[in-house]
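Peer 1: Chains A, B, C, D, E and F supply the protein sequences, listed in that same order.
Per full-length UniProt numbering, residue 1 is the first one in the first sequence, and the count goes up by one each step.
Per full-length UniProt numbering, residue 1 is the first one in the second sequence, and the count goes up by one each step.
Per full-length UniProt numbering, residue 1 is the first one in the third sequence, and the count goes up by one each step.
Per full-length UniProt numbering, residue 1 is the first one in the fourth sequence, and the count goes up by one each step.
Per full-length UniProt numbering, residue 1 is the first one in the fifth sequence, and the count goes up by one each step.
Per full-length UniProt numbering, residue 1 is the first one in the sixth sequence, and the count goes up by one each step.
One thing to keep in mind: the hints can contain errors.
Identical chains share a label here; the pair holds if one copy fits it or two copies do between them.
With a cut-off of at most 25 Å between alpha-carbon atoms, the simulated BS3-like pairs for lysine-lysine come out as follows [claimed, not checked]:
id, residue 1, residue 2
1, LYS109, LYS181
2, LYS33, LYS110
3, LYS181, LYS4
4, LYS215, LYS173
5, LYS254, LYS105
6, LYS50, LYS139
7, LYS105, LYS181
Just so you know, the hints here were simulated from the structure itself, not pulled from any lab data.
None of these values were measured; they are calculated from a predicted model.
If you want the building blocks of each chain, they are given just below.
6 protein chains.
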Amino acid sequence: MMKKGIGHYNIGDSFEDFMLIKEATKGVASNGKPFLTLILRDVTGEIDAKLWDASKDDEETFIAEQIIKLKGEVNQFRGRAQLKIFSIRPANPADGVQVSDFIEKAPVKKEVLMEKITEAIFEMQNPSIQRIVRAFVTKYQEALLTYPAASKNHHEYVSGLAHHIVSMLSIAKELHILYPKLNKDLLYAGIILHDLGKLKELSGVVSTTYTLEGKLLGHISMMVEEIGQIAKELQVEGEEVVILQHLVLSHHGKAEWGSPKPPLVREAEVLHLIDLIDAKMNILNRALDKVNPGEFTARLFAMDNRSFYKPLFEEN
Amino acid sequence: MMKKGIGHYNIGDSFEDFMLIKEATKGVASNGKPFLTLILRDVTGEIDAKLWDASKDDEETFIAEQIIKLKGEVNQFRGRAQLKIFSIRPANPADGVQVSDFIEKAPVKKEVLMEKITEAIFEMQNPSIQRIVRAFVTKYQEALLTYPAASKNHHEYVSGLAHHIVSMLSIAKELHILYPKLNKDLLYAGIILHDLGKLKELSGVVSTTYTLEGKLLGHISMMVEEIGQIAKELQVEGEEVVILQHLVLSHHGKAEWGSPKPPLVREAEVLHLIDLIDAKMNILNRALDKVNPGEFTARLFAMDNRSFYKPLFEEN
Amino acid sequence: MMKKGIGHYNIGDSFEDFMLIKEATKGVASNGKPFLTLILRDVTGEIDAKLWDASKDDEETFIAEQIIKLKGEVNQFRGRAQLKIFSIRPANPADGVQVSDFIEKAPVKKEVLMEKITEAIFEMQNPSIQRIVRAFVTKYQEALLTYPAASKNHHEYVSGLAHHIVSMLSIAKELHILYPKLNKDLLYAGIILHDLGKLKELSGVVSTTYTLEGKLLGHISMMVEEIGQIAKELQVEGEEVVILQHLVLSHHGKAEWGSPKPPLVREAEVLHLIDLIDAKMNILNRALDKVNPGEFTARLFAMDNRSFYKPLFEEN
Amino acid sequence: MMKKGIGHYNIGDSFEDFMLIKEATKGVASNGKPFLTLILRDVTGEIDAKLWDASKDDEETFIAEQIIKLKGEVNQFRGRAQLKIFSIRPANPADGVQVSDFIEKAPVKKEVLMEKITEAIFEMQNPSIQRIVRAFVTKYQEALLTYPAASKNHHEYVSGLAHHIVSMLSIAKELHILYPKLNKDLLYAGIILHDLGKLKELSGVVSTTYTLEGKLLGHISMMVEEIGQIAKELQVEGEEVVILQHLVLSHHGKAEWGSPKPPLVREAEVLHLIDLIDAKMNILNRALDKVNPGEFTARLFAMDNRSFYKPLFEEN
Amino acid sequence: MMKKGIGHYNIGDSFEDFMLIKEATKGVASNGKPFLTLILRDVTGEIDAKLWDASKDDEETFIAEQIIKLKGEVNQFRGRAQLKIFSIRPANPADGVQVSDFIEKAPVKKEVLMEKITEAIFEMQNPSIQRIVRAFVTKYQEALLTYPAASKNHHEYVSGLAHHIVSMLSIAKELHILYPKLNKDLLYAGIILHDLGKLKELSGVVSTTYTLEGKLLGHISMMVEEIGQIAKELQVEGEEVVILQHLVLSHHGKAEWGSPKPPLVREAEVLHLIDLIDAKMNILNRALDKVNPGEFTARLFAMDNRSFYKPLFEEN
Amino acid sequence: MMKKGIGHYNIGDSFEDFMLIKEATKGVASNGKPFLTLILRDVTGEIDAKLWDASKDDEETFIAEQIIKLKGEVNQFRGRAQLKIFSIRPANPADGVQVSDFIEKAPVKKEVLMEKITEAIFEMQNPSIQRIVRAFVTKYQEALLTYPAASKNHHEYVSGLAHHIVSMLSIAKELHILYPKLNKDLLYAGIILHDLGKLKELSGVVSTTYTLEGKLLGHISMMVEEIGQIAKELQVEGEEVVILQHLVLSHHGKAEWGSPKPPLVREAEVLHLIDLIDAKMNILNRALDKVNPGEFTARLFAMDNRSFYKPLFEEN
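Chain A on its own, in the form it takes in the complex (with noise of 0.2 Å):
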């Protein structure tokens, strides 16, 4: 049996379920007649579709955060898939759907998250690096559990941040149990504070866009001066704030990517190496699962628009 979902169809399938307008736009088409361009989405990913003659009444109907029932056929247009409309109708309360059945989350349970990322901070030892971690939490704890960890790329659903956090605390936990001398205290603050400037570039969980503040100054120097900010309220002074502030300065790495400096501390370049797996991970899990053994995935724009294989003795 087919997987559910559209990123599991193909060109030619017929299609019949409910989705979510992700965005709405009118056009006028060659012969003059107003048409709409939908962009669908569920939680396997995200088709487009044109309403051809729409009218008024459809141009207020058929707009974005409105789930819809559409049966179709999957086409393809200038090489992309886009969904050829055969009937469409705004989904009703009788039909049981609702919003957050067509957003992707993380896999892993809020609660669970957010236990592991408290876990992590209890077994810090310093107690400047444990207190600072630990008012960043408790500041943003609502937002860090819901927002994802980019706009696009990798970890692009609901608590994507959290999970991303989670997935890479695992990861530093094994190679401190590899080799010892890492600080695991500095490589856990690290993990959780490096990309917690996200929650003020980042507009929020849906339709995300970038802040002004993000465009201008950026989540990494965002998130340095707020360290600072922090340590001040709480009194915490030494090397440690400005070991965390680097810390979250260097994690990706380079000038051109965007650190002002570069991992200048053996922590510091652990972390933007796990921070690397992680995401990397993420994006080819999720690319790879949509596709059968014996086939290329489409090819990924992070990962330097490679495609990638998925051998034939790998089971599907």
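Take the given structure of chain A and dock chains B, C, D, E and F to it, following the hints.
Peer 2: Just chains B, C, D, E and F, lined up with the frame of chain A:
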């Protein structure tokens, strides 16, 4: 008559004058005997000298910050000038020389520099911008008037930072007349603040090195953080704060050059260009001053390693 | 009240005004019927429009350089604005409009531009430099006062080249006051000559394209050659000639940007920087004029594809 | 008490201990007399020493692989440490020292390393992959357990290659638990095979150089070829062979780094990242071991020439 | 008279001739009706055509590899030529046309190409080199004489690979006369072997794509492996084998271009240069053939996207 | 028997022969005594030597362009060969040696080189091209036959430029036979003219340096200018002039390599490739001549710093 100062000597010239020891390092010659490598300076430049067969006494006498009287000859060693020492002695009170005679200073007095900066702040019309800039100048006034603008490359002399700021303010004033849409408040504020982080990045005025914070965070990130702090203390809010932070953040122009965001506000772009002009003019004028018409300068590291030509029809 | 001109319209606005056809291309629609793609312009910008079901008559009427009166609405097509045509007719003498009303011009009159250039030449003290520059200005006076500075990017309007030269001369004048060691003659001469090669590289003032010589040699090489020729004709000898050639040759700053030699003379470096400033100010001012405070401009190709922000506290 | 070994000495320290001569080169001093430049090593590092006025006898005694007893002092020469020799003599049987005492070895015994590798092969479930890997390990067992992983940079010590493999296997094991979709067989096989070509690329365990084949083809190409050969000999067919070849081929990550194809299979990407982590941890741990808290390491060539900081709050 | 073939038509020309369908894709028009996008070819080039309102029957008739007779007109669509179809029918036996009439072939016959290659092998004096090359040519003779040299860019026609080899052999012969120190055996062998890996990398002669092995390993690595295998089978030993492998491995010249080692043997460097010359001449001659004197060619992707000029004084 | 000439000596060899002093520089040894650093040459290469304890007399005798007779031994200093001097004396008339015996010359006589160039001009059919080229050859005949092609890297010997031209003409002749569409006139003209600017860029045949014009404009720009001048003097008009200028302008191939325009005419591209081949063959042949089979050459700066291998199966 030859111009005074080591910067004007040629290979083969005899030399007899006072100089300041900038660095003294002990070595062992191929004959097994100890010697001292001295880096000597006056206001026009630096030169190396070897003191062969150095006694224990010599090692204790000829140390950094000591003024000496030296007779010798300018020789060449591996393509660089080197002073051959005929005789050397430490200066004594009767000589009437002091350390500050040997250290390069800005060609404009501190008082004048301070006046110009104050005047620029006075001209500002936006109170948020004005208050933040004034707070910084008040807080750092003393260091601001003595620090160099860099540990090498350009304006690397006493009061160099303030001299650099004041020259940039003059250019900004004229550009504002030519392009009246430029926001003068922003431009002046960007100029005064852009390099203040160096007061924390560099260790001091003499034998300048980098602080730990300077190495791990850099002057740009430190300054962005402090603008946020000062704004908070002054209870200044509004877009002005983030724009000022952006001006400082982006003033190196490109990620590869240390600015995690490129200029995205008109005055940020202009700030970057004015900074380039004044730094380059400072380097070029000082290098061309040391050569005669018809000659090329030494290779200038901060100018992509180019040698510049002084045309024959220039006055010396 | 809304500012006049197509550059100030938003998606959804009704439009009724005269425009100039810049380009008209015939196409065939998916229903097999011919249509015209028109590129329309006024002094504030350009916009595309489609004339569907175009008759033979339409094809002959709506051609490049024709002024038309048009009623329509600004729509969006593939992310770009497009004029939907409700009615269209060619302008007639009674309308009292002429082609030059629709072509952007420098904001300063030709006579004033010429006066400023003449004044700069008059100020020169080195007779060799002065004679060469005067010969060029005399030879090319007419084209110099009408050509754009480029076919796109900056100062791409009637008299754009002279406007660019005169703005640069103003900056140079002020820099010379701040840095009196700059050789004013060289700087003025470099500014006046640096882009004159474009008079041969570009085909003309309207619908500017590149000449064969322009494509195969480029304006820099052509100008270097012509300085040599004119000097020969004037029997001017001495280092001035090669230095002027070097100023032109190096004014793009780097080999990758089209200068086979980088600036190796102080005034060559400054010429390059002044050129950058004036070109960038021209691009930025015109782009920011089209947006409101709190908005970003379109991406600016010649500014590394950046969008610039106009702060909320700027006047519109 | 000072840690034992030349890697822990500072400029000015007296030294008296046994060392191994790694290289001895004859030179002629400026006084016309012959001298020997010795590169000396123990398990903690290397240092240069000059033996002045060397006799014919000295030249024959003090040669590579000879153990010597030396008294001297650590001096500085052109910014590098150099041993000043007070007295030197060859070791004799009574001293009870042997060459292997002076050569760095992996901190884990050969037997343990072999056991871990065998265990990984044992866990594999795909018989094609398992047979190929087992054939390689059987064929090269002896060299595999003694070779360094590189001639310099990381794991450049006896059994370095096996140590590197075993560390990587541990990381892989944990990543497989965190990301269960990873194909463990492929990952283990890639790790064991990825650098085996170095057994042919490098000349041996001591004073390692490159073979002709190593210089002209490189270890990656040689290994890809040999996987094909071994598969043929074992009559293994199917996609596993080409995937294993791809893992080896792509493990440097980019064409510029020596991989003609970038990773295009999930496990190839992960192999590249695990390789990076273990190599970097090896370099960082060994460099940081040599400095005290509050200090920076020497510049590390294989880490983009960065110096790393050891925070004050780390234990020594 | 106009030259025959679609490559010589201009916008607006009427067209009536046979063509081969290279690709046929189904689409849905904005009016909801199906249409076919056809890519048509003859020996001079390719062109797109749309068959509107395509019936089920049309979909089954107009498929890849079908020859058709078409009347129409060359139009322009989004800046590219497109055939507007007036009438279309499949070819029938009576038309006397066949698929091979529409596929570009090398301008030299297979027999002649084979003869030249055989002759080069015959001239070799080193028996090891000769035996390896002969074994390859015997093993792959058939494919070698039909494959293109690439799927696009240069020599992308039937027998293109052999044609490329034979042209390169001619250049090598002459260079050997001018530079007699060149080892002719090596050079000839390198030329014959360098691209043979493409026989495994590319899927075949018509509608050429990449094989899995080709995508994951590339023709260079596959060929290096096979040289090793064949040498083993022939029991050829000695440095010749590794040098031949190096010639193939390095013939792209740089790591970024796919050669993990750059040329390190004289003949490897020359092989790379001869490859460049012949590939570029093939591209340039075919592109310039399609334009008239005084015109520029289309942008040539494989020539850094340059357009080349055909001088007016050239014959057409 | 060992080949004659310093280029064939190995470390440890005794040496007794005449050499020419290329450069003599005075230095002061660590014992305070003056010494001379001599750069000595014969036709096979150069070597350094130190003359310790040099007297005033020595300083006046052993100067550049002086021939000397020297006994000594080839030693190694900092990884480079150095002649240890046992005895040295200036040559006297009775020795029968002259300066030209020590300067490398092209292996072909001037007369032959001139004849080949004349012949190529004679073959040209386009009178405009022929007249321009003939005018240049007539004007510069003497220098053309004596200048090197470069101050270092390739053909850096007497008549090197003419030798380079004649070799390139031979390659062009053969390529024209293989690719008859090449315009032979253009190709020959481009070859003869491409580097003539070096006659003005370089100071002369012996101890070649750069002229001011060479440094500020470069040989390419100077030559483009002079082609324009000569064409004007000869009253040659038409596209030939600009095409010839383009050939010279573009012959370095890329902006980064000094060509402000890349080749945009077929013969310009071929000219660039032929130039590469002949320059590289000249470097490689001369470097490989100095090593034995089984050895690598020194690193070759102009070949991207590669060392080339001479296979064991090559004759020496």
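Peer 1: So, for every hint listed, does it hold in this structure?
Peer 2: Evaluated hints:
1. LYS109 to LYS181: Classified as between; 20 Å across copies, 32 Å inside a copy.
2. LYS33 to LYS110: neither (47 Å within a copy, 48 Å between copies)
3. LYS181 to LYS4: Classified as between; 20 Å across copies, 47 Å inside a copy.
4. LYS215 to LYS173: Classified as neither: same-chain Cα gap 34 Å, cross-chain 29 Å, threshold 25 Å.
5. LYS254 to LYS105: Result: close neither inside a copy nor across copies, 31 Å intra and 33 Å inter.
6. LYS50 to LYS139: neither (44 Å within a copy, 55 Å between copies)
7. LYS105 to LYS181: between (36 Å within a copy, 19 Å between copies)
Hints 2, 4, 5, 6 from the earlier list are contradicted by this structure; the remaining hints agree with it.
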